[in-house]
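Student: Protein chains in written order, with our numbering: chain W, 30 to 427; chain P, 30 to 427; chain X, 482 to 841; chain Z, 482 to 841.
It should be emphasised that the hints constitute simulated quantities derived from the structure, not laboratory data. This one's a predicted model, so the numbers in the text were calculated from it and none came from an experiment. In this text, a Cβ means the ideal position worked out from N, Cα and C, and glycines have one as well. Treat each hint with caution, since some may be false.
As the list claims (entries may be wrong) - Have a look at the derived ranges for each label pair, beta carbon to beta carbon:
# : chain 1 : residue 1 : chain 2 : residue 2 : range
1 : Z       : 495       : W       : 192       : 52 to 62 Å
2 : Z       : 790       : P       : 188       : 26 to 36 Å
3 : X       : 492       : Z       : 838       : 50 to 60 Å
4 : Z       : 838       : P       : 265       : 56 to 66 Å
5 : P       : 375       : Z       : 679       : 17 to 27 Å
6 : P       : 220       : Z       : 495       : 50 to 60 Å
7 : W       : 374       : X       : 512       : 17 to 27 Å
8 : X       : 732       : P       : 111       : 56 to 66 Å
Claimed, not checked - Far from chain W, some chain P residues (derived; all Cβ distances over 10 Å):
#  : residue
9  : 43
10 : 129
11 : 166
12 : 179
13 : 234
14 : 289
15 : 299
16 : 360
17 : 379
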Amino acid sequence: MDLSYGPEYDDFRQEVRSFIAKHKHLAPAQQGVRSPRVKEWQQLLIQHGYAARTIPTEYGGYGAEPDILKGRIIGEEFAAGQVSTGLSGQGISMLVPTLLELGSEAQKQEFIRPTLTGEFVWCQGYSEPNAGSDLASLRTSAVLDGDDWVINGSKIWTSTAHLADWMFCLVRTEPDAPKHQGISFLLLRMDTPGIEIRPLVDMTMQPNFNEVFFTDVRVPKEQIVGHRGEGWRVANAVLGHERESLGDPNASLSRLNRLIHLMQTETVDGARPMDNPALRDRLMKFQARVMAMRFNDLRILSARLNGADAGLARMITKLQATELRHELEGFAIDVMGEFGLLYGKHPHVRDQGSWQNQYMYFLGLIIGGGTSQIQKNIISERGLGMPREPKAIVKAEA
Amino acid sequence: MDLSYGPEYDDFRQEVRSFIAKHKHLAPAQQGVRSPRVKEWQQLLIQHGYAARTIPTEYGGYGAEPDILKGRIIGEEFAAGQVSTGLSGQGISMLVPTLLELGSEAQKQEFIRPTLTGEFVWCQGYSEPNAGSDLASLRTSAVLDGDDWVINGSKIWTSTAHLADWMFCLVRTEPDAPKHQGISFLLLRMDTPGIEIRPLVDMTMQPNFNEVFFTDVRVPKEQIVGHRGEGWRVANAVLGHERESLGDPNASLSRLNRLIHLMQTETVDGARPMDNPALRDRLMKFQARVMAMRFNDLRILSARLNGADAGLARMITKLQATELRHELEGFAIDVMGEFGLLYGKHPHVRDQGSWQNQYMYFLGLIIGGGTSQIQKNIISERGLGMPREPKAIVKAEA
Amino acid sequence: MEFGLSEEQTLLQETINRFLDDNAKLDRVRKYADDAEDVGADIWAGLAELGVAALLVPEAHGGIGLKTLDAAVVAECLGAHVAPAPFLTTAVLAVTALRTAGDTAQQAQWLPRIADGSLRIGAALAEACGARGAAGVTAANGKLAGTSLFALDADADMFLVADGERRLHIVARGAAGLGVNPLPHVDRTQRMAELTFDSTPAELLPGSADGEACRAVIDVGRVVQAADTLGAAQNMLDQAVDYAKQREQFNRVIASFQAVKHLCAEMAAAIEPSRALVWYAAHALDEVPEEGRLTACHVKAHLAETGEFVARTATVVHGGMGFTDLLGLHYWFKRIGFNRQTLGGPERVREEAARVQGFA
Amino acid sequence: MEFGLSEEQTLLQETINRFLDDNAKLDRVRKYADDAEDVGADIWAGLAELGVAALLVPEAHGGIGLKTLDAAVVAECLGAHVAPAPFLTTAVLAVTALRTAGDTAQQAQWLPRIADGSLRIGAALAEACGARGAAGVTAANGKLAGTSLFALDADADMFLVADGERRLHIVARGAAGLGVNPLPHVDRTQRMAELTFDSTPAELLPGSADGEACRAVIDVGRVVQAADTLGAAQNMLDQAVDYAKQREQFNRVIASFQAVKHLCAEMAAAIEPSRALVWYAAHALDEVPEEGRLTACHVKAHLAETGEFVARTATVVHGGMGFTDLLGLHYWFKRIGFNRQTLGGPERVREEAARVQGFA
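Produce the entire structure from the sequences given, and follow the hints as far as they go.
Tutor: Put into structure tokens, the structure is as follows:
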């Protein structure tokens with residue numbers, strides 16, 4: 030057990046700190062993907078290797094060797110300094126790694142650099158209204174007509190569709206192939222005629238997501254990544270990464286600490302919630318769970334550093350972390366009572382209504398990105414080696 | 030809403046009370062099925078209609094019309110007076126109703142009266158080591174050879190096998206029929222050659238159950254109830270009754286009250302457990318659950334009085350009541366700390382170790398008589414109308 | 482012996498449900514929630530016509546003179562429909578306060594107007610269920626001063642207000658020095674406001690001097706609110722089962738997956754005993770007074786827990802569709818959440834339950 | 482950066498597990514539990530030969546001088562095998578007490594004998610974790626009086642005893658006025674006794690005067706006991722998964738039913754973060770002292786909850802077979818139950834965790 034990062038990394042951390050101290054004034058306060066200030070900041074970060082760190086220089090990155098600890102140190106220090114880590118989003122986190130692994134040289138040249146600089150903003154088109162947990166049953170079709178794919182169908186849960194220049198998406202191109210083998214991975218411009226975007230309001234009452242409808246949308250045939258029918262494999266090259274990112278234990282810790290603050294400052298009948306032993310007991314249970322998830326995360330990190338797979342410790346993360354956050358946010362509402370119900374703009378609203386917002390949003394995350402039910406299937410089958418359900422005698426598909 | 034039983038029943042309750050007051054001194058203190066005192070008491074109860082109340086007089090019963098409230102009043106008053114309600118056991122609770130419904134006249138004549146008087150003690154032979162939740166897959170076979178069934182195989186969970194004169198059991202008589210249609214319901218004497226009984230110790234470390242092994246056990250062919258292959262139907266005529274009896278909410282209430290007493294009398298660091306707000310909060314949760322189950326039970330009673338089916342209220346009883354009891358007993362152990370661990374004979378042991386014993390025993394009941402998993406299948410399918418799992422493509426049976 | 486609803490109560494239930502099926506469809510509830518149209522007044526007028534406003538008002542004052550269990554029946558219907566209606570406040574809390582603590586003149590003045598649906602009285606009782614920070618109301622010489630946070634029914638014509646001694650007062654909306662500041666919160670089907678008082682004239686309900694009337698009002702409110710949660714929870718389960726029977730994934734309706742079935746079974750198993758507890762608690766308030774307060778506390782806390790479990794689980798069964806606004810499932814989710822926190826959260830009412838029994 | 486076990490620790494784990502696989506098979510544990518054969522002494526001798534008794538003893542006193550995390554590794558192996566062994570008491574609690582509070586002579590006298598496996602010291606600390614009724618020990622002039630309930634390791638040669646001021650004493654089993662009354666309890670793999678003192682000569686550990694040493698001993702004990710629970714829970718999950726893969730019902734192995742799979746997944750999901758917490762809490766006691774007490778409390782409470790959940794769920798997965806004595810699954814169930822209550826139950830240690838942070 031050694032929780033220090035070692036002298037080389039201590040030096041690196043100092044470098045990061047100096048950079049932040051020196052340039053903090055240039056950092057954008059808000060995330061808006063189109064703001065020039067955000068783009069300039071992103072350029073500066075890439076220059077210094079704090080963004081696009083491991084992307085080859087030929088595609089616009091910094092070209093460093095992958096180093097998990099350095100990546101983590103950057104994350105830690107920027108978080109500590111409350112400074113933006115530059116552009117994020119599905120283009121950078123998902124498409125770029127996908128292209129690096131499976132894109133053609135032309136695609137890499139064309140798409141990676143403008144994605145890194147924020148010139149191309151992307152959205153992801155995977156889920157469909159009837160293809161959620163069973164993503165591979167997606168029905169949006171693309172038919173080759175001359176030099177174009179012609180797309181019809183719809184996508185849902187496309188979070189940044191209304192802001193995006195481009196979409197990377199999965200479409201069914203081989204209707205007669207087995208369902209996982211009939212899918213292709215296409216890139217398309219969001220201003221292509223025939224695309225309609227409708228905001229999708231969720232229970233938080235915010236349009237965090239969109240639906241996207243395709244009517245005879247024509248896309249040049251070379252805008253496919255990988256071969257026809259290989260889309261499932263292409264998409265899965267980076268799917269796992271998304272699932273893990275849902276369970277950041279440091280975010281849970283900072284929420285817990287905020288809750289502790291609330292319990293020490295609010296009063297009910299003249300006493301602080303912290304003075305209520307039943308609430309205190311619940312708080313302590315949460316603190317132990319948050320701790321356990323933090324150390325579980327260190328265990329995963331450690332495994333990655335050793336090039337090993339953390340196995341079950343990794344597989345249970347999404348399930349446990351989203352449920353923990355949902356319950357923790359709900360507990361805070363209990364602590365505040367009616368104050369916890371307030372939502373919207375009003376001086377009485379605590380913490381901008383974030384407890385209610387996150388209580389609901391994390392229920393969404395329990396469901397999204399592989400529901401807890403699907404997670405438990407994965408844990409039991411891949412983690413514990415239990416058999417898949419026997420193939421059912423299914424009715425013929427409608 | 031009317032929780033009174035009405036004047037007719039108030040009178041009846043008075044009668045029962047007078048009987049108890051007058052005869053209490055004759056009641057046996059212990060349950061031993063072979064004790065003459067128990068048998069005499071049983072006779073007295075039958076005479077006055079407090080046992081075998083609705084069994085026709087021609088078979089040795091009291092011959093009253095079925096009256097649910099009177100039955101309940103008898104139960105309530107005998108419990109309040111802490112007086113034995115006479116013989117119980119699977120012969121009286123399961124076999125007698127079965128014979129009345131589906132036995133031949135000869136079988137009724139032969140078996141009911143001696144069962145009611147305690148001359149015949151019965152055990153039940155349904156479950157097998159490989160047929161638990163999937164009872165219909167039982168393998169113990171009976172082959173007709175001349176005038177006898179010849180039985181081979183084994184049974185498990187036969188609670189009174191070591192005390193019983195007779196067993197009623199399910200055996201496979203039609204090996205080629207579909208599994209539910211290949212079973213017959215036989216009656217056999219426990220002293221028949223070829224029967225071996227082995228006590229089955231459970232986690233409470235008591236031999237509450239037995240295993241029974243059959244090697245070429247010969248049973249006269251007329252000792253079948255119903256026809257060949259009808260055994261599943263015969264057995265299910267009374268199975269439902271057993272499941273409901275596992276969830277007596279009044280027993281939970283009396284355990285809860287005992288626990289309250291403990292919380293007010295034990296001390297830890299000079300304070301009573303009741304003075305610990307975290308424990309008190311847990312107690313209050315249990316109290317609400319016990320209340321809810323008691324009123325749920327009244328709702329079921331009320332439906333039965335109206336000849337209606339209480340539906341979901343009835344179906345959830347076994348699941349909820351056994352889990353509640355298990356958790357309640359476990360909570361009492363938490364309240365007592367190390368005192369709660371003590372088990373066996375010692376002056377320090379609280380309540381004869383019943384908290385540990387029931388904590389484990391009710392875990393057994395969660396599993397037995399239809400595990401919680403099977404209960405949830407039943408609730409969702411029969412109660413909520415959700416479809417059965419699609420038939421699986423199964424491998425050929427070994 | 483009859484544990485359950487009478488024929489009249491079943492009929493009442495059917496009548497109210499039929500009315501709400503027609504008049505409080507989700508699209509109308511949405512309009513109310515979005516402040517697009519005041520369907521609330523319309524629904525309340527219709528309910529009043531059916532006698533809902535008059536339910537607990539004595540016949541002598543133009544009411545029907547029914548009991549808490551009847552009110553629970555109505556609340557269950559309202560919760561099932563997430564219907565906006567000042568039933569809890571006007572028809573239950575205010576009527577109970579006037580019946581218990583109002584003098585003859587006050588009863589004669591207000592009860593008939595409540596019964597005919599022309600008077601809405603909100604309820605500012607939050608401080609009697611746990612006063613936050615410096616909030617609280619003091620009364621002297623017929624005037625109120627201070628603040629009451631979280632008054633229920635921001636749109637009422639008058640307010641029932643508990644002061645720091647748990648005495649009850651009636652304040653007209655137009656009274657001098659009264660501020661009514663609506664509070665934005667998650668459940669848009671029930672409106673809440675902060676009330677501020679500055680030498681605000683108020684009429685004391687004289688029978689409330691010892692605080693017991695206030696407690697009795699809260700008891701009834703907790704039971705009726707628990708019934709509202711029960712209705713909402715049952716409806717969420719029904720929606721989840723229906724959705725699961727239609728939704729297909731992996732070439733099967735998801736209702737055929739054991740994981741989904743078991744979630745639904747667990748919801749049913751939580752709801753059924755809760756229903757019996759709601760019925761009994763309502764019955765006890767009128768007929769078994771020695772158990773009334775205890776069961777009122779328990780039903781409030783227990784339904785808060787049942788409700789939270791069902792709200793979450795039914796949403797999960799719906800998958801992504803439960804998270805969106807498309808089906809509007811969140812209206813039920815939020816109603817249950819609202820009922821959990823108002824009139825005393827679960828830890829608080831459990832502690833009160835312990836206190837009632839001398840355990841704390 | 483390395484969060485996890487070192488190569489040496491993995492090797493230690495393998496060595497202990499191999500030894501226990503051979504020497505603490507369930508049939509031998511049963512003999513111990515049934516008082517049929519003293520396999521306990523035999524197992525402990527073997528473990529001592531492997532250095533387990535000497536693990537935390539400083540090298541200067543003939544020990545190996547390892548740390549809490551190494552002890553946690555061993556405890557996990559012992560829990561996994563439900564092995565009877567006075568590891569927690571002798572090798573952890575007594576050694577920690579002597580190291581922390583013993584003077585040089587005491588250390589020299591006892592530590593080498595612990596290290597070579599020839600001395601077993603039980604631990605009477607229950608009153609320092611919650612004194613029941615009138616139980617408790619007073620010390621004056623080198624003599625103890627009173628009662629200590631629930632001493633761990635009834636078979637020890639000496640006892641570490643906390644008095645009412647949390648000072649620590651060593652009492653020889655043969656000491657005048659000492660009564661050792663074995664207490665029958667559920668977990669037959671760990672023996673417990675009531676100790677009575679009547680002017681019983683005892684040797685004070687001089688460094689324990691301010692009670693802090695006693696607290697430090699309990700901290701280590703809680704962490705090591707949590708590791709024992711972790712091992713037992715992991716083993717129950719392993720047994721459940723193996724059993725489910727073999728057991729057939731409805732023509733399928735039950736491991737293919739979603740309900741059974743999800744129960745197993747939930748157990749794994751509870752165990753994995755618990756393991757990380759055990760490792761960290763053990764590490765923190767030695768290396769992050771400012772967090773040591775807090776994480777010791779949390780790991781004790783959290784593993785109590787994880788353990789209870791897994792013990793119950795793994796039994797349910799086994800169906801009736803889990804309830805019988807045939808597979809002996811209940812030995813693990815009861816070991817987890819024992820660990821939950823001794824050295825402080827979950828509510829108590831959570832309250833201590835709050836107190837450490839100034840929250841209570």
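Student: Determine for every hint whether it applies to the structure shown.
Tutor: To see whether the hints hold, each was checked on the structure:
| no. | hint | verdict |
| --- | --- | --- |
| 1 | Z/495 to W/192: 52 to 62 Å | holds (54 Å) |
| 2 | Z/790 to P/188: 26 to 36 Å | holds (29 Å) |
| 3 | X/492 to Z/838: 50 to 60 Å | holds (58 Å) |
| 4 | Z/838 to P/265: 56 to 66 Å | holds (58 Å) |
| 5 | P/375 to Z/679: 17 to 27 Å | holds (20 Å) |
| 6 | P/220 to Z/495: 50 to 60 Å | holds (55 Å) |
| 7 | W/374 to X/512: 17 to 27 Å | holds (22 Å) |
| 8 | X/732 to P/111: 56 to 66 Å | holds (60 Å) |
| 9 | 43 | holds (46 Å) |
| 10 | 129 | holds (42 Å) |
| 11 | 166 | holds (16 Å) |
| 12 | 179 | holds (36 Å) |
| 13 | 234 | holds (31 Å) |
| 14 | 289 | holds (18 Å) |
| 15 | 299 | holds (17 Å) |
| 16 | 360 | holds (14 Å) |
| 17 | 379 | holds (24 Å) |
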